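Novice: Listed below, chain by chain, are the residues.
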Amino acid sequence: MHSTPLRDGPRTTRTVSKTVLVVALSGVLLSIITVAFSGCGSQSDYPTHLAFPSRTDRLVLKIPEIAPPGPSSPGKLEAELAELDGRGGKTAEPLTVSAEARSSLDQFLRDSFGTPAAPTIHLINDDGVTAMAERMGLTSDSLTEAGKLFRKHCQGCHGLPGDGRGPAGLFINPYPRDFRRGSFKFVSTGEGMKPRRPDLLRTITEGMKGTTAMPSFGLQPEQERELLAKYVTYLAIRGQVEFQTLAEQVSVSGAGEVAHFASMRLKEVLAEWEKAEHAPALPTAPDDGEPRSKTHEAAVRRGYELFTAKTGTECLKCHGEFGRKPLLRYDIWGTIARPADFTATNLKGGTRPEDVFARIRGGIAAVGMPAHPNLSERQVWDLVRFVRSVPYPRELPEGIQEVVYPKQ
Amino acid sequence: MTEPLDTFRPVPRWLHMGAILAAASTLLLLVLGQLVTSFRAGMADPIWPTEPWYLFSNYKLDFGYLVEHTHRIAAFTVGGLVIFLVLGLWWTEPRQTARWIAIVGVLVLIAGFGEFHRGLMAQRNVSPTEVRIPLISVIVTAIGFLIVFGVAISQMLLGVGGASLRILGSTALVAVMIQGLLGGFRVKLNELVGTDLAALHGIFAQVVLSLLVLLAVLTEEPLTPSSLQSVAPSRLLGRWSIGLTALLFVQIVWGAIIRHNPTPLTQRLHFLTAFLALAVAVLILRAVFTDPSASIRVGVIGWVLSGLLIAQLCLGVEAWMMKFGTYTLPELVPITLENATIRTLHALIGSGILISALALAVRLMRTSKSETRTPSTNNIDWTEQTVAQGRALEIAARFGGNAP
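As you go down the protein sequences, you meet chains H and Z in turn.
In terms of our numbering, the first sequence opens at residue 1 and continues consecutively.
In terms of our numbering, the second sequence opens at residue 1001 and continues consecutively.
With the rest of the complex left out, here is chain Z:
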């Protein structure tokens, strides 16, 4: 990425709050997911898919069952929030025709996906080898996907304000759907690829969380030019921070594999990547703290990241000792409240570090384009100016010529 991020965002405040709510809910969902893994409750209920209300009427008062079902209920909730978020994002599309086409596309996508689930639900008691994939619903889902992303990409090519946000939001919706399928198939295909899918489900959760955090950060009110230093922070610093985010994601991948299937190789890679990530993080944080312009942009995130890194080091050592430093095979170490808490916290703080690094990178990458924009395009308010701009683009597209 050589150009700064587009930061012109005609997005209302309520949408920004919705993005924060979705990201926070996803973090809570991750908490529950990590508890499911720590307490080995992934197969507490082998029935999938189910209707959302099934989870309230079919349960046992077993801890594992309750954790796993609460995880599913939270997943449904997050799905609903993300749908609301995406529809809200498309509602802010200035061109009316494109707006409605995209919204219809989102609804078709959701309907197709829902019908796919319904088709699988009807075959719940059928042997997995005899399950028929509901092809029509797959086609409908694909049509919805093409409509939404077709509109979104065309908007981006036309330079419509906020197009990148809508692509991001739509991607988050698709990611949430994929994540749901990964979790479900982990249960459905347990004996074949259950452990592998569990690890993939955990890894992909970081992608979903990152997308929603990115949305939350990009929809926030940018700093006004007067509060910024005249010199923008180093672009190199921004790129290194993106590199750090990527490295942290890789570290989480090793960690997820260790959680579910600790091979000797991944154990070593997790250790070595931890050293590397910490070194890069220290380098970046030092640069941030010693650069006033970077420091202002990053705000409290730098301190949050620093604190999380320190905590993660300690938790990592404890988690390692508890899993690998005992008398028996790691998978046979008895689950206690203490070791489950340590491992869960270690995984969660890893996610926290990832999204902190991501937020830091985004803040650093936002540079001069947004600084030269006038305060009247305060990004979080829906203003007449943005409406007018959108309509002008629409007219230009319909009748040819350039928008004023």
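Only chain H is shown next, with the shape it has when bound in the complex:
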């Protein structure tokens, strides 16, 4: 029988005890060395050498006016964007920009926006930009901390530069938001404007459950959510400067010096964000009483009339059958947007009265939902009452319930 060290016996037992002791001591020593080299480590710290990648994905310069053939499919983002030119849109590849221009832009972005490990917003020889950023709370220290949180919670879907192309986003429909256009759908500041900080915070806090894969981060401390909102703002500013500079380079032959153009864009974009922070607040909802009360019912009726009007608001044109048969359309990112189904209890932009008011009053420029500046405040609130009642048949007045929910 072959001898092995794993056989019973006094001599073998002594040998095994020594072996175990040596192995245990070696293990302890190795552990100490391992910890010394690696530290306990925090995976959320970005490596200092890591830079934001140069943009290589397609630029969407113009979206088709015709309706898309169907809804988006997960994992088909690049293919859908590639089809835009054939459908009357216009796209461009960043790599068609000269290497010199791209290099100059990369350098500008590095100098002005830093790296993921050391994010910042500043302009060489222009303290005004730094001051503007600081007024918005976008200081280097806060952005550095915010970046760690972004890496931990958001990067998987939204990607390192906020391009919406994180690995986890591959299987998500609708696609994660690409921040680099600087556009946000659900703003309370007005038509085509940037969001104010609370708008971003609301999306981060509440998520967009039921309609998208964006989860709620309501359990995170408020300070961390605030930091995330700042980092999203930072990525949006950086991304928009990059996008607009590249778009200028591909669209205009003999375009001017890249760094100068980008500097001007940076100042403008920052100013837009600062303006949004000071936009007037939304009006307070009037007291229309509880659902099914007389005043509330009257408001719902008026809202129904406005909603179904064939001229003016024309809501049914896009929200066919009150959203059950929506008219698909392209959004500014070149992806496919689906107008809201009001018979569902969840609305992406929020279901509070003021959320719906903001959507109606200011529209959603990114997806082509028009603003309604000419409607009076009362009219908008009437539409709000109607839209918020649609998911609940019993809250709809007699006559309207049968129209919204026809018996089959």
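Be careful, since some hints might not be right.
Dumping the calculated BS3-like pairs for lysine-lysine here, alpha-carbon to alpha-carbon at most 30 Å [what the hints assert, rightly or not]:
no.	chain 1	residue 1	chain 2	residue 2
1	H	LYS62	H	LYS185
2	H	LYS185	H	LYS152
3	H	LYS325	H	LYS90
4	H	LYS148	Z	LYS1323
5	H	LYS62	H	LYS294
6	H	LYS76	Z	LYS1323
7	H	LYS185	H	LYS148
8	H	LYS294	Z	LYS1323
9	H	LYS310	H	LYS62
I should point out that these hints are in silico values taken from the structure, not numbers from a laboratory.
Please read all numbers here as calculations on a predicted model, not as lab measurements.
Position chain Z relative to chain H; hints supplied.
Specialist: Using the frame of chain H, we list chain Z on its own:
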């Protein structure tokens, strides 16, 4: 552990088959779970808890959604199988009174757990900070737990045959419940501890699988004395194989952490533990293959373990290169079918190695006690002898005195 495992098992064949089915189903559940992780579909559906039938009527035709929901459906199925298994195990309890008390305890445990879920379901749309824990259901669950384990432990102390199996089965049931909660809270508390709970959920899955595999192995028909060598394998070999199982579990812990949150420390530990585990495994396998008595007991498991180790080495290298050997951060490496397959296989074979090592250890630790028992106590048949023994114990307990 200095004493050989108790191998007297009055367990019917159908229960052994049930244990195998539960273990196999759990392995399938692990496959789906690993796919969820590889394709980052853990939050595909942020709604939890749900009724089982919710999963059939609420779905999107997205790959991630389908994988995640299939994982949940499989989890419900495994839960049902384990409930059946545990009730079956308690049905084999020879003492009638203890049997019925324990079965009632199991049903109370399940009912309490179900009511706990129902209480959370009713608060699905409530903010997590405002959710109220359904305390009554927690109390009911605890009562069921105490009843079951009270009976089981008392049986073990009284030396009733099969008591250790019933404890093991009951533990497996509780483990499945805990695993379900871990998975659910991973979704519910995603932003706070989602990644950490995902790793813990993956690690605990190995515990559940190990318990069920242990049940399957311990309920199998033991080798008859005539087929065994006269010399039992070394007890030291058995202990080393248990040590190997523990080491492999630690390796899986590092691996799970790397899957979800690859810190520099865990990356290094995973590497170093791989070397150590492989060295110990080679040592043990060499001892097994060169010892006829061990070789017979272990059977084909030794070869299975060897093959899995070789495969795991190759897969480990590939998985490492694909995750850490690229131009970007590991979490930003695009998910492709190739790298997802490699990583999933690497994780699954790790589980396979763990349960193979566990089965090998159990087979090696089963020694002379079972060899001296007569073939008439063929463990997988429900015989009059076992019934009589149980009744004798019951009478002795009721009226005092020793059982014949």
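Novice: Run every hint past the structure and note whether it holds.
Specialist: Each hint, compared with the structure:
Proximity of LYS62/H to LYS185/H is assessed by CA-CA distance (about 18 Å); at most 30 Å being required, the pair is judged to hold. Taking the CA atoms of LYS185/H and LYS152/H, the gap is about 24 Å. The hint holds against a cut of 30 Å. Of the pairs offered as hints, the one joining LYS325/H and LYS90/H holds, with about 28 Å between alpha carbons and a cut-off of 30 Å not exceeded. For the suggested pair LYS148/H and LYS1323/Z, the alpha carbons sit about 20 Å apart, so the restraint of at most 30 Å is met.
Under the criterion of a C-alpha separation no larger than 30 Å, the hint pairing LYS62/H with LYS294/H is inconsistent with the structure, at around 47 Å. Note on LYS76/H and LYS1323/Z: the hinted pairing holds, with a Cα-Cα distance of about 23 Å set against a maximum of 30 Å. For the hint linking LYS185/H to LYS148/H, the alpha-carbon distance of about 25 Å falls within 30 Å, and the restraint holds. A hinted pair counts as satisfied when its Cα atoms are at most 30 Å apart, and LYS294/H with LYS1323/Z does not qualify at roughly 63 Å.
Between LYS310/H and LYS62/H the alpha-carbon distance is near 29 Å, which keeps this suggested pair within the 30 Å criterion.
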